[in-house]
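Residue strings, one per chain:
2 protein chains.
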Amino acid sequence: MLQSKLFTKTIKEAPKDEMSFNAQALIRAGFIDKLAAGIYSFLPLGLRVLDKISRVIREEMDAIGGEEILMPVLIPKENWAKTGRWETLDVLFKLKGEDEKEYALGATHEEVITPLCRKFLFSYRDLPIMPYQIQIKFRNELRAKAGIMRGREFLMKDMYSFHADQADLDRFYEVAKQAYFKIFERLGLGGITYLTYASGSSFSKYSHEFQTICAAGEDTIFICDNCRMAVNKEIIKDQEQCPICGNKKFREEKAVEVGNIFKLANKYSQPFGLEYVNDKGEKKEVAMGCYGIGPSRVMGTVVEICHDERGIVWPKEIAPFKVHLLLLSNKSSWENNKKEADKLYQKMREQGIEVLYDEREEKGAGEKFSEADLIGCPIRIVVSDKTLAEGSAEVKKRNSADSKLVKIDNLVKELTQS
Amino acid sequence: MLQSKLFTKTIKEAPKDEMSFNAQALIRAGFIDKLAAGIYSFLPLGLRVLDKISRVIREEMDAIGGEEILMPVLIPKENWAKTGRWETLDVLFKLKGEDEKEYALGATHEEVITPLCRKFLFSYRDLPIMPYQIQIKFRNELRAKAGIMRGREFLMKDMYSFHADQADLDRFYEVAKQAYFKIFERLGLGGITYLTYASGSSFSKYSHEFQTICAAGEDTIFICDNCRMAVNKEIIKDQEQCPICGNKKFREEKAVEVGNIFKLANKYSQPFGLEYVNDKGEKKEVAMGCYGIGPSRVMGTVVEICHDERGIVWPKEIAPFKVHLLLLSNKSSWENNKKEADKLYQKMREQGIEVLYDEREEKGAGEKFSEADLIGCPIRIVVSDKTLAEGSAEVKKRNSADSKLVKIDNLVKELTQS
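Which chain is which? The protein sequence lines are F and A, in order. Residue numbers 87 to 504, in the numbering used here, belong to the letters of the first sequence in order. Residue numbers 87 to 504, in the numbering used here, belong to the letters of the second sequence in order.
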C-alpha cells in the first residue's frame with residue numbers, strides 16, 4: 087500500500103484522556119481512534135491487524151472441527167430470563183424496542199446458541215458439534231480505562247461445544263486447550279501465556295484462563311515453572327507452593343486474561359431442554375463447553391508487551407504489513423531513486439509480500455524513520471542515494487539494531503525465504 | 087465440506103411465524119435462524135454466502151480507492167446531538183450505560199466518521215479520501231416482516247467520501263455509481279437493478295437508489311427502458327412519461343432498494359467543523375458523499391428472485407459452494423462407490439473447487455436430490471452405480487433441466503474451465 091494514500095496519519099502527542107499504553111500507542115500510530123471510554127474505531131492499519139488475529143483464530147478453530155456462524159447482537163429478554171441471567175449478569179446493556187420488547191446486547195451467547203442447536207440436535211449421531219463466531223460483544227462496564235484490553239464494545243471469538251456425555255466433553259476440552267496454545271504461539275504470545283486455574287462455579291470445580299504475563303494486566307497469577315501452569319490469585323489458598331506438584335518456587339506476576347475455557351456441563355442445556363436420544367433410545371442431556379478469545383484484547387496485550395521506547399514491534403503473523411519500504415532521496419536524485427523503489431515495490435507485490443511503501447516526497451528521513459518505528463512492521467527496507475550507490479537497499483528488522491545492505495536483485499528472493 | 091459434518095439440517099416445514107419467502111427458504115435450507123422478528127443468526131451455509139457478498143463489495147470498494155475501517159456500534163448521544171439526529175432519526179435504538187452516558191446503536195455512521203476524519207484532514211493534499219466499513223447496523227423498526235430484506239439488525243457496507251469541492255464530489259459520485267453497477271452484476275442482480283431517482287433533501291435535489299425489480303419489494307418504481315433509469319413513485323409527478331427523455335413507455339414495477347448513494351455536500355462537515363486549507367491558504371468546508379449497500383438485504387433479495395419451486399438457485403459468485411457432490415449407491419456397492427466419490431472430492435479440493443459433499447449413508451437418493459435443489463449450489467454432480475458403470479459422473483446445472491454424463495477423469499478439468 088502507498089503510504090501517501092493512507093488517510094490516517096501518525097500523531098505526535100499521546101492523547102491526554104487515554105491512560106493505557108496500548109491505546110496511546112495505537113492512537114499515536116494511527117491504528118485506532120477513541121470514540122468514547124472503552125469504545126474505539128479500528129482504522130485501516132488497525133483493522134488489518136485485527137483481521138489477521140481473527141484469521142489465526144479462525145484457522146485453528148476450523149482445524150479442530152469448528153463451524154463458523156454469526157449470531158445477533160440484540161438478544162430478547164425471554165432468552166436471558168430462561169437462565170436467570172437477565173437479573174444476574176450485571177454487565178448487560180439493556181434496551182427496549184419500538185415493539186415494546188426488551189433486549190440486551192450480546193455479552194455472551196449461550197442464551198442464543200443453546201436454543202438454536204436444539205433445532206438441529208436430535209440423536210447421538212448428531213454429536214459432537216462445535217459452532218463458533220467472531221462477533222462484537224458488549225459489556226456495560228462502569229469504568230473502562232484499559233484501552234482495547236477491556237472495552238465496553240469489543241471483538242470476541244466464542245466457540246460452544248456440544249457432547250453426548252462428560253467424557254466426550256473432557257476429550258474435546260483437551261483438544262481445545264492445545265488449539266489455544268497454538269493460537270497464542272502464532273500470535274506472538276507463546277512462552278509467556280499460562281494455562282491458569284481460576285474459579286469455577288456450581289457446575290465445575292475450576293475454569294481455565296489463559297493468562298499472559300504483562301505489567302499492565304488487571305489480574306495477578308502465581309506461576310509454577312515446574313508444571314508450566316498458573317493459579318489465579320482469586321482462588322489461591324497457599325501462596326507458598328504449587329497446589330499440583332508442591333513446588334515452592336511459586337512466582338507472582340501481573341497478567342492479562344487473553345482467553346478462557348469452561349466446562350458448562352448441563353448449565354445451559356438444562357434450562358433450554360437441550361436433549362438427544364442415545365443409542366439405546368434414551369433421552370439424555372447434552373454436555374456443553376465454551377471457549378473464548380478476544381481478538382481486540384489480544385491486540386492490546388501484544389502492544390503492551392511487544393514495544394520499545396520508539397513504538398510497536400509487531401509479531402510477524404499479525405503485523406499490518408511484513409515490510410515497510412522507505413524511499414529517501416536528495417532533491418536532485420528523487421526521480422531516479424523513486425523509479426528504483428517503485429520497481430522494488432512492484433516486485434514485492436507480485437511475490438505476494440505485504441508492503442507499506444512510504445513514497446511521500448514532502449517527508450524527511452528522520453520523520454520516515456520514526457514513523458516506521460512507531461508503526462512497527464517487522465522489516466524496514468530503505469532505498470536511498472547511499473544504498474543505491476551500492477546497487478542495494480538497507481534491510482533492518484524492527485526487533486534488532488543491526489542493518490545490512492542487500493543487493494536489490496537478491497532482495498525479493500531473500501524476503502520470500504525469510 | 088462433508089455434509090455429514092454440517093451441524094445444520096434442512097427443515098421440511100416452512101416456519102409458521104415467518105411471512106417472507108426469503109426467510110422461509112433460507113430457514114428451510116439451513117442458512118439462517120430466526121431469533122426474533124427482524125433478528126437472525128447466519129448459520130454455516132448462510133455465513134458463507136454473506137461473506138462472499140461482502141467480499142465482492144469489498145473488492146469493488148478497494149478498486150475505487152476505498153480504505154476499510156470498522157466503527158463502533160455504540161455511538162454517544164453528544165455525536166447525534168451535534169446534527170440534531172438524536173431527536174429526528176426515529177429508528178434509533180437508545181440506551182443508557184452504567185456510566186449514566188446515553189448511546190444509540192449505529193443506524194448510520196456520519197456522526198462518527200466526520201469527527202474522526204477531522205483528526206486527519208488538514209490540507210487539500212489530504213483529499214479526497216474514501217473510508218468505508220462493513221458493519222452491523224440497527225434500526226428500531228416497529229414491524230419487521232420482510233425476513234433479511236429489512237432487519238432490526240443487519241449488515242451494511244457504508245462508504246463515506248470527502249472532497250475539496252463539489253466538482254470533485256460529482257466526479258467521484260459517478261465513479262461510485264459505476265462500481266455499484268459492477269457489484270450488482272457480480273451479485274447476480276445485473277440487468278434488473280436500476281439507478282433510481284429518489285427524494286433528496288435540503289442539500290441535494292435527488293438522491294439515487296439502486297432498485298432491483300422484485301415482486302416482494304416494498305417500493306414502487308417507474309422504469310424508462312430508453313434511459314435505463316427509474317424514478318421512485320414517491321417523487322414522481324407524471325406517471326405517463328419519463329421526466330428525462332419524455333418516453334411514454336414508462337412501466338411500473340415493485341422493487342427492493344438494494345443500495346443508495348447521496349451527495350451530502352456540507353450537511354455533516356458543517357456541524358462538525360470539518361474544514362481544510364486549500365492551495366491558496368484559505369479555509370474551506372469539506373464536501374461529502376455517502377454510499378450504502380446491505381449485504382444481508384442483498385442476500386434476501388437474491389433469494390426472492392433466484393429460486394424455483396424446489397429451492398434457491400444461487401448466482402455463481404455468491405453460492406455457498408460451487409459444486410454439490412452427491413454419492414448414491416446400493417448397499418452392496420457402497421464401499422466401492424464411496425471410494426470413487428472420495429477420490430473425486432479430494433481432486434476437486436486440490437484444484438480449489440469449493441464443494442459440499444453429501445456422503446451420508448443413511449439418506450436416500452430422493453432426499454439427497456431434494457436437499458441439493460433446496461440449498462441451490464450451481465452445479466450438482468452425482469456419483470452412483472449407474473454413472474460409475476460408464477466410468478462417469480452425472481453433471482447438472484441447478485438452473486437447467488438437462489444433465490450429462492462426464493468421464494470422471496475429465497470432470498475436474500472441465501469444472502476448472504467452467
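I should point out that these hints are in silico values taken from the structure, not numbers from a laboratory. Since the structure is predicted, the reported quantities are computational estimates derived from the model, not experimental observations. Some hints here could point you the wrong way.
Identical chains blur together in the list; that is why a pair holds if it fits in one copy or across any two.
Derived BS3-like pairs (lysine-lysine); straight-line CA-CA distance at most 30 angstroms [as the list claims (entries may be wrong)]:
#1 K425 to K168
#2 K369 to K120
#3 K98 to K205
#4 K180 to K499
#5 K168 to K353
#6 K182 to K163
#7 K168 to K449
#8 K95 to K424
#9 K182 to K335
#10 K182 to K98
#11 K120 to K182
#12 K95 to K263
#13 K231 to K182
#14 K493 to K417
Task: Ascending list of hint numbers which this structure does not respect - done: 1, 4, 7, 9 and 10
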